[in-house]
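J.: What follows is each chain in one-letter form.
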Amino acid sequence: MTMANGVLILAEHLRGEVADITYEMLGAGRKLADALQAPLHVAVIGRGAGSVSSGLGLADAVFVVETPESEVPSAATIARLLGGLIEQKQEAIVLLGWTNLSMGVGSILSARSGLPFVNFCRSVRAEGGALVVTSQLFGGKILSDVRLADGRGIVGVSAGAHPADAGRSDRAPTVETVTLAAQAPVVDFKRFIEPEADDVDITKQDVLVAVGRGIQTRDNIELAEDLAATMGGAVCGSRPVVDQGWMALSRQVGKSGMSVKPRLYLALGISGAPEHVEGMQGSQTIIAVNTDAAAPIFDVAKYGARMDVLELLPLLTEKIKARRG
Amino acid sequence: MNLFVLLKTVPDTVEELTVAADGVSLDAEWLRFKLSDSDEHALEQALLLKEKHGGTVTVVAMDAPELDESLFMAFAKGADRVVKLAGDLAAVQSFSAARLFAEFLKGSGQPLSADTLILLRSQAMDDLEGEIGPFLADLLGLPYVGVVTSVQPEGGSVTVSKEFAGGLRGELSCAMPAVLGIQSAEKPPRYVPIAKVRAAMKSSKLETIDVTPAGAPARFPVEKLYKPESAGRAEMLEGTPEEVADRLVDLLANQSLIQRGR
Amino acid sequence: MSAMAQEPVAVSMLGLPGLAVLWILTLLAFGVFGWRVRQLVGLVRKGRPENRFDQPVKRVLHVVKNVFLQPRIFNEPAIGLPHFLIFWGFVLYVVCFNWGLVRGMFPVLPVPYPDEVGVVALFLDVFAVVVLAALLAAAVRRAFFAPPHLHLSADANLILVWIGILMLSSLFGGTFRVAAEGARSSVWAPFGSLLVPLVSGLPAGQAEGLARAMWWVHTFGVLGFLVYLPYSKHLHLLASPFNVLFGSLRPAGDLDIAGAAEESAAGAAKWYEFTWKQLLGGFSCAECGRCDRACPATNSGFPLEPQQIIQKLKKHALEAGLAKPGREAAALIGGVVAEAEIWACTTCMSCMERCAVLNEQIPSIVQMRRHLVGEGAVEKTLQDMLANLNRYGNSFGKSDRMRAKWTQPLATKIKDARKEPAEYLWYVGDYASYDPRVEDITRKTAEILQQSGVDFGLLYEGERSAGNDVRRVGEEGLFEMLRDRNLQVLEKAQFKTIVTTDPHTYNTLKNEYRWNGREIAILHYTELLDRLLKQGRLPLKKRLAGRVTYHDPCYLGRYNGIYDPPRRLLSGLGLELVEMPRSRNRSYCCGAGGGRIWMEDVPGIKERPAESRIREVARLPGVSTLVVSCPKDIAMFRDAVKTTDNEGKIVVKDLAELVWEAMQG
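Chains as they are written, first to last, in the working numbering: chain B, 564 to 888; chain A, 441 to 702; chain L, 2 to 666.
For the record, the hints were derived by calculation from the structure and aren't laboratory data.
Among the hints, a few may not be true.
[Unchecked claim] No more than 20 Å apart at the CA atoms, straight line, and that leaves these computed lysine-lysine pairs for PhoX-like: (1) B:Lys824 / B:Lys767; (2) B:Lys882 / L:Lys643; (3) B:Lys704 / A:Lys664; (4) L:Lys47 / L:Lys271; (5) L:Lys399 / B:Lys704; (6) L:Lys643 / A:Lys474; (7) A:Lys490 / A:Lys627; (8) L:Lys47 / L:Lys414; (9) A:Lys667 / B:Lys704.
Whole structure, please, built from the sequences with the hints as guidance.
T.: Right, dumping it as structure tokens:
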């Protein structure tokens with residue numbers, strides 16, 4: 564196994580749980596590393612990093628960097644430690660998630676290491692000695708290809724672009740604890756602020772009726788609640804609806820909200836911006852209703868209807884009730 | 441407090457975006473620009489801090505199409521000073537932009553005061569090179585926190601809350617001066633009536649400073665831009681709402697999704 | 002009628018000669034009255050200027066109609082006639098009182114007292130009873146059948162009793178005079194005479210004394226009333242004729258404040274930022290509650306009551322305007338008046354339509370909205386709408402380039418009025434252009450016009466929201482921007498007449514856009530279709546049958562008086578029109594106006610205006626179709642049909658849909 568020019572993945576974890584995007588990157592990273600005939604490594608950085616390494620066996624090695632001084636190290640700290648790792652282990656490519664947790668790491672690391680940082684990645688491949696990164700811009704409406712000629716760079720990977728299952732493995736990983744020079748943190752992590760408890764945990768529902776801007780007013784959410792009740796599910800929403808105060812934060816689906824995988828996800832009046840889609844695209848069946856035929860939601864949905872949600876909702880509820888008998 | 445707000449405009453996605461003939465840029469014919477949501481929140485957070493703690497708000501932006509209206513709107517909302525960085529800036533990406541802003545902020549020669557906060561958007565949807573905030577913070581040697589939803593300065597430090605996922609947030613603190621990427625302000629961006637914006641257009645002065653980007657405007661070229669193929673598009677159900685509802689009920693029944701209920 | 006045996010003033014009171022007492026009390030009473038009235042007039046004059054002094058002849062005729070004939074009072078029959086009679090009785094008594102007062106104060110005048118002149122005495126006698134009967138009716142109504150929002154105050158009750166005492170004293174005065182002459186009756190005091198048997202036992206001298214006592218009771222009563230008047234709601238006696246005299250002679254759909262456009266643009270938050278006419282309205286209000294009873298916001302459970310807007314402004318003006326320096330009065334907006342009240346108004350104008358003193362509630366509300374907008378105190382959904390209107394020229398947030406997308410499926414392309422001249426310019430409006438529920442109707446309208454051979458064109462992407470509701474929401478700056486921009490585009494186009502789909506568009510283009518001398522006619526599409534029907538140009542192929550009802554849109558009916566063209570069309574199509582109880586100028590707003598369609602619903606609403614209207618339709622026997630002629634009505638009523646569980650029972654159709662149906666073979 565060659566030791567130089569490896570692919571390094573920054574594992575994403577919080578409070579002892581490894582986020583799905585880590586596995587997504589593992590799956591993509593494995594393919595890339597194999598194509599390059601390079602090793603695939605995972606960096607787990609944080610307090611208690613050692614305890615979350617178990618599922619990361621798809622990689623050739625897991626580097627654990629403990630940060631006892633900080634429960635959740637800041638982007639600058641992670642970037643510094645990653646930088647140290649890259650140097651020590653001579654990595655050529657770094658994959659990290661475009662998530663709230665990792666935001667900023669790529670930019671700072673890029674500034675310090677001189678490696679270019681390409682964001683919003685949906686797919687990455689090796690071509691000759693170059694790295695070609697395909698990214699989504701403007702909410703997914705436009706794609707870009709960037710060719711990094713020397714095959715070295717930092718890639719910010721969008722959540723949901725790769726299958727998470729491809730990154731899981733039962734193999735026990737080779738774990739190496741790496742000690743890097745400590746530095747006093749510039750940003751202190753004080754504590755977690757829990758979301759308000761809701762009576763409903765939307766991540767455990769089989770049926771979710773999701774509403775977006777197309778629901779138009781707070782009152783109309785009642786129509787969605789009727790449907791949800793009829794189907795034995797729950798209502799959830801995209802960011803704009805929660806921002807308006809029409810729904811609790813715990814019902815938000817998406818990047819800053821929950822990740823859900825129900826049997827049925829009804830996306831009503833939701834346009835399908837990537838920040839939302841990444842939270843629900845794992846759903847088994849997605850049905851979308853929107854007046855805009857070009858809405859990106861129709862790219863992830865299995866069935867769609869171009870019409871006004873407010874017209875369809877009560878009809879649907881009525882007919883389901885009738886069918887139930 | 442000494443507050444800076446860095447703004448930029450992004451393409452308005454209400455219009456259909458198409459790729460220009462050169463294959464590496466957007467077709468400018470129907471392209472329109474506006475401030476991103478995150479920018480509006482950054483400005484609002486700065487204004488809220490000024491209202492609570494006093495001080496000045498300086499808005500800085502790189503010259504771009506349709507920027508001026510947003511700058512006058514910032515004046516009308518309460519910004520004290522608005523600076524436009526002008527020059528050959530069309531190709532400037534995040535890292536080069538961060539350099540330009542860093543130059544401006546260091547321009548006075550004095551180190552930034554201990555009551556300085558630099559606020560900007562947490563992210564923008566065309567940040568191919570990455571978010572500008574962390575770049576800027578690194579160049580200035582200042583702490584950076586992104587995805588911020590609340591800002592409490594106290595003494596020489598600032599406590600912020602940051603969003604994680606699943607509705608979870610974290611409380612962090614760092615010394616000031618600092619750079620903060622604002623995801624959402626503590627209150628939704630305020631409304632300013634058109635009459636005030638028009639009045640600002642007549643009475644307020646935009647300062648323009650000529651700048652030249654040092655080094656390459658972008659760290660890597662874009663090889664091509666293209667529209668995504670709609671692979672795996674949804675099967676569209678046609679007809680009246682009645683008909684569509686009927687079909688949906690059939691589909692759901694086939695998947696055994698219509699059995700329960702309270 | 003014989004002369005008074007002795008002068009009423011020829012008595013002694015508290016050791017003073019009656020004449021002296023009369024003089025002292027008269028001077029005191031008039032003095033206090035005059036001082037207070039001057040104080041109030043001074044207060045009113047501190048308001049912003051407004052030019053209501055034009056067309057004096059028309060104004061006087063306006064007073065003759067609305068004060069002397071007071072047709073609006075009769076809208077509520079139970080109190081209509083009583084009030085009319087009390088009013089005219091009052092006029093008679095005021096004249097006679099002053100006559101009697103002057104005569105009493107100047108005994109040397111060779112002039113009889115009013116009740117010494119036979120005919121006058123007769124009138125006084127008859128009216129005393131008539132007024133008493135009317136007072137009784139009013140009192141019974143107040144006590145047992147009070148309509149909601151009638152302000153049941155001690156003030157009002159006191160006035161009824163007080164006037165009653167005045168009438169009784171006059172009546173009994175006649176009785177005692179007849180008795181004092183030893184007669185059993187007098188032809189000049191028919192009702193007073195009926196009471197003579199009650200007092201027949203009195204010696205003549207005593208009867209005479211009592212007659213004089215009645216004169217004094219009456220005089221004291223009136224002088225006391227004079228002092229009380231400017232501190233009670235009865236000030237409306239004095240203020241309301243002026244309220245009507247200075248009423249608006251311009252179309253109600255024009256919110257320009259003549260002579261004060263610039264200052265008014267910023268709105269009003271303090272009492273003196275309202276115009277003097279708006280302040281006068283507070284003192285003209287008779288607290289009858291008609292406006293509240295008609296208001297769709299009030300009836301739905303919103304916090305708004307138009308009567309309270311007027312009253313609160315008055316109270317605030319009194320408190321703050323007459324405050325001793327150093328004492329802070331409560332703020333108007335946010336204090337006395339809640340922001341929620343200000344935003345609840347749909348600007349339907351039912352209040353102003355019903356107000357018997359012709360008060361103008363809506364301009365005051367819009368003034369306060371302008372202030373709130375200036376402060377940025379606007380709810381998020383409304384903010385987003387305004388931002389959309391500013392940026393894209395429509396409230397849907399869709400690109401202005403998509404405005405004419407609805408035309409694509411049409412078989413024949415519509416003329417571009419920006420490039421070619423056309424007889425009619427069709428100003429489609431936001432809802433008809435962008436709302437998916439209404440697009441189909443817009444296309445049908447286009448087909449009707451095409452198949453009728455009408456020469457018309459569109460502005461396509463050049464069209465922007467005309468701004469009617471933007472103005473009513475208080476964003477005056479945005480309204481002006483839209484208006485200026487639209488006028489610029491319209492100036493370049495060549496056409497003779499504008500046709501609008503939406504009554505809101507119609508209202509502002511007709512009443513608030515200044516065409517700089519250009520001769521333009523503005524029609525609502527129902528007027529155009531009516532014209533085509535008359536000219537036989539509508540290619541109708543079949544007659545429709547059935548019973549339908551029609552909802553008069555606020556901005557077409559109440560605001561602009563267009564009631565008949567839609568009705569002629571319905572009958573021309575063969576349909577049988579069944580009127581709802583609240584039809585024509587009493588039509589009940591769907592709740593969309595005043596920007597409310599852009600705002601969030603308020604919690605705690607009992608029944609939305611549109612729902613109330615649908616239930617009204619449901620009560621009509623054999624009627625299952627509600628016909629409308631406004632795109633917002635389609636949106637509001639179709640929603641309400643669902644939320645009132647009337648799906649399948651009531652269908653909402655636009656007039657254009659029906660005409661189109663009749664054109665299909």
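J.: Now tell me if each hint is right for this structure.
T.: Hints, verified against the model:
1. Restraint check for Lys824 (chain B) and Lys767 (chain B): the C-alpha separation of about 8 Å stays at or below 20 Å, so the hint holds.
2. The suggested pairing of Lys882 (chain B) with Lys643 (chain L) holds, with an alpha-carbon distance near 14 Å, which does not exceed 20 Å.
3. Restraint check: the Cα-Cα separation between Lys704 (chain B) and Lys664 (chain A) comes to about 14 Å, which is no more than 20 Å; the hinted pair holds.
4. Using a Cα cut-off of 20 Å, the hinted pair Lys47 (chain L) and Lys271 (chain L) holds, with the two alpha carbons roughly 11 Å apart.
5. Pair hint Lys399 (chain L) plus Lys704 (chain B) holds up; C-alpha atoms about 17 Å apart against a cutoff of 20 Å.
6. Between the alpha carbons of Lys643 (chain L) and Lys474 (chain A) the distance comes to roughly 38 Å, so the proposed pair goes past 20 Å and is violated.
7. The straight-line distance between the Cα atoms of Lys490 (chain A) and Lys627 (chain A) is roughly 14 Å, inside the 20 Å bound, and the hint therefore holds.
8. For the suggested pair Lys47 (chain L) and Lys414 (chain L), the alpha carbons sit about 58 Å apart, so the restraint of at most 20 Å is broken.
9. The straight-line distance between the Cα atoms of Lys667 (chain A) and Lys704 (chain B) is roughly 7 Å, inside the 20 Å bound, and the hint therefore holds.
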